[in-house]
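There are 2 protein chains.
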Amino acid sequence: MNISLECISCFARQALESARLVSNDPLVHEQIMRELLSWVSKIDFARRPPVIAQHIHRRLREISGVEDPYRAAKDKHNLVALGLYPKLKAEVEVSPDPLFTAVQFAVTGNIMDLGSKGGMSESDILPLLEEASEQRIVGDMSFFRKAVTSARNILYLADNAGEIVFDRLLIEQLSPGRVTLAVRGGPVINDATLVDARVAGLHGIMEVVDNGSDAPGTVMDDCSKDFQNRFSRADLVIAKGQGIYETLSSEEQRIFFLFRAKCPVVAAHVGVPVGTNIMAPSESMFARIGGDL
Amino acid sequence: MNISLECISCFARQALESARLVSNDPLVHEQIMRELLSWVSKIDFARRPPVIAQHIHRRLREISGVEDPYRAAKDKHNLVALGLYPKLKAEVEVSPDPLFTAVQFAVTGNIMDLGSKGGMSESDILPLLEEASEQRIVGDMSFFRKAVTSARNILYLADNAGEIVFDRLLIEQLSPGRVTLAVRGGPVINDATLVDARVAGLHGIMEVVDNGSDAPGTVMDDCSKDFQNRFSRADLVIAKGQGIYETLSSEEQRIFFLFRAKCPVVAAHVGVPVGTNIMAPSESMFARIGGDL
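Here the protein sequences line up with chains A and R, keeping their order.
Using my numbering, you'd call the opening residue of the first sequence number 1 and step up by one each time.
Using my numbering, you'd call the opening residue of the second sequence number 1 and step up by one each time.
Please note that a few of the clues may not be correct.
Since the list gives no way to pick out one identical chain from another, each pair is judged satisfied if it fits inside one copy or across any two copies.
Restricting the straight-line Cα-Cα distance to at most 20 Å, the calculated cross-link-like pairs of lysine to any residue (SDA-like) are [said to hold, decoys possible]: (1) Lys-42 x Gln-31; (2) Lys-42 x Ser-9; (3) Lys-76 x Val-66; (4) Lys-42 x Arg-13.
It is worth saying that the hints were derived from the structure and are not from the lab.
Could you put together the complete structure from these sequences and hints?
Structure, rendered in structure tokens:
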């Protein structure tokens with residue numbers, strides 16, 4: 001997806017909210033806003049939308065000197081999610097369709113997003129997560145089931161802290177030995193990094209890498225060579241989050257995007273209402289797996 | 001009021017909406033957005049917020065070659081309001097407090113605003129206007145009553161087309177012979193200009209002037225010398241609309257601001273929730289009329 005003109009007002013709002021979270025100094029807020037406006041006025045709109053948030057948050061960290069401004073929020077979300085984990089794990093185990101139930105939890109976990117307006121506060125998140133097994137997901141579960149069954153080598157792209165605990169439920173259903181988890185290469189908003197994967201207990205069950213980039217998505221040319229190789233070699237990519245859909249939706253790779261559509265531009269691109277939980281295959285899925293799936 | 005950092009995302013949204021209304025050409029939309037971002041990145045935030053909308057709409061008219069893009073919308077709003085006028089006029093006449101009832105209609109008419117997000121579509125407007133006499137207004141009616149009773153020379157600043165018909169109901173209660181109406185000096189959004197005053201029948205009952213400016217508010221140094229003189233000479237100014245509050249709230253003049261607070265920044269400045277109908281005296285009212293009112 002390209003940057004849409006609608007993204008501009010949304011990024012101005014996000015930048016201000018983030019600046020106020022990171023610093024109490026009105027001069028810092030003003031500096032960030034002026035820099036953002038000047039930079040976006042000249043940007044190539046054919047770039048992926050998350051490069052703007054990447055730029056905002058990188059400058060915020062530089063100006064404020066705070067290396068990981070959302071660390072406390074991420075710790076809290078991990079704790080909330082870990083508190084729910086045993087109950088949800090038991091639900092998966094007794095489910096008549098454990099893979100589908102795990103997908104429901106992983107997709108619902110994508111509400112733990114502090115970057116988008118549709119992201120929710122903790123008090124909103126808890127009831128939704130507790131009712132995750134009732135959440136509807138728009139997508140073809142049998143297509144997903146066949147794709148993951150036949151894949152020997154799955155690359156799982158995580159999105160946010162907290163959410164990554166729910167990803168664990170799904171990863172456990174995929175036979176973690178054939179799955180590699182990739183997190184962000186540096187802090188940005190509440191996106192998961194290596195420490196969150198460790199807190200979620202994922203290092204113990206699978207290979208975990210970072211992608212070398214601090215973009216809240218997967219901006220391929222900003223990622224490490226190692227990650228790029230893993231991405232192109234994977235039989236199947238399971239990609240969590242709206243930001244990854246925005247950055248990878250036109251990639252030539254077999255990808256399943258699992259996310260909650262939180263912004264009207266992304267929702268319109270997918271063709272669903274805002275707030276929909278989505279399991280969307282990349283176009284290459286159809287071409288490369290074939291029409292029988 | 002100064003420009004707030006919150007205004008930036010709002011103006012980006014407004015600029016895009018307006019650009020799409022004025023032109024079908026995506027290149028025009030992009031040009032406006034890039035120009036706006038670049039211009040706002042360098043603007044003095046101590047200026048009044050409506051100068052940004054003035055700049056956007058002036059450039060939109062220049063780029064598109066459309067002199068008055070909201071003319072059709074304004075005609076429609078005038079027609080809707082004129083259709084309601086006889087009924088509302090009768091309500092004022094039978095009211096036990098005709099001045100207050102006329103104020104209710106004039107303030108409620110301020111919902112006919114296509115500039116702010118809190119402005120409403122025609123289908124939303126009609127029921128509200130029909131129930132205008134039930135609308136609550138935050139303000140001191142007895143203070144307003146005494147101020148208008150003692151004034152010999154009132155300057156009434158109109159806001160929007162359509163709304164100006166409801167202003168007529170109030171102006172008729174003020175003895176129009178001592179009232180001068182001022183409208184915008186050029187088209188901007190759906191703000192009233194001379195033609196709208198004429199359609200509302202106001203030229204027939206009072207002196208009508210324009211302020212020489214195409215700002216959606218009263219940016220004093222952008223107004224004509226004639227208007228500036230009228231403003232400073234008036235015993236009392238009745239000022240309609242949020243944009244005028246934003247531009248005149250710190251003026252040294254006896255002003256009653258009548259408007260509906262549609263944006264969170266203005267509402268917070270006044271100290272009321274968004275959506276409140278307001279009758280707010282300027283600080284100078286207290287100093288210059290005295291504490292007994």
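Q: First find the shortest C-alpha distance between Lys-42 and Gln-31 inside one copy, then the shortest across copies, and answer within, between, both or neither for a cut-off of 20 Å.
A: Both. Shortest intra-copy (17 Å) and inter-copy (11 Å) distances satisfy the 20 Å Cα cut-off.
Q: Please work out whether the CA atoms of Lys-42 and Ser-9 approach to 20 Å or closer within one copy, between two copies, in both situations, or in neither?
A: both (16 Å within a copy, 17 Å between copies)
Q: If the cutoff is 20 Å on CA atoms, where do Lys-42 and Arg-13 land: within, between, both or neither? Let me know, please.
A: Both. Shortest intra-copy (19 Å) and inter-copy (18 Å) distances satisfy the 20 Å Cα cut-off.
Q. What label fits Lys-76 with Val-66 when the C-alpha limit is 20 Å: within, between, both, or neither?
A. Cα proximity of Lys-76 and Val-66: one copy only (18 Å, versus 54 Å across).
In summary, this structure violates none of the numbered hints.
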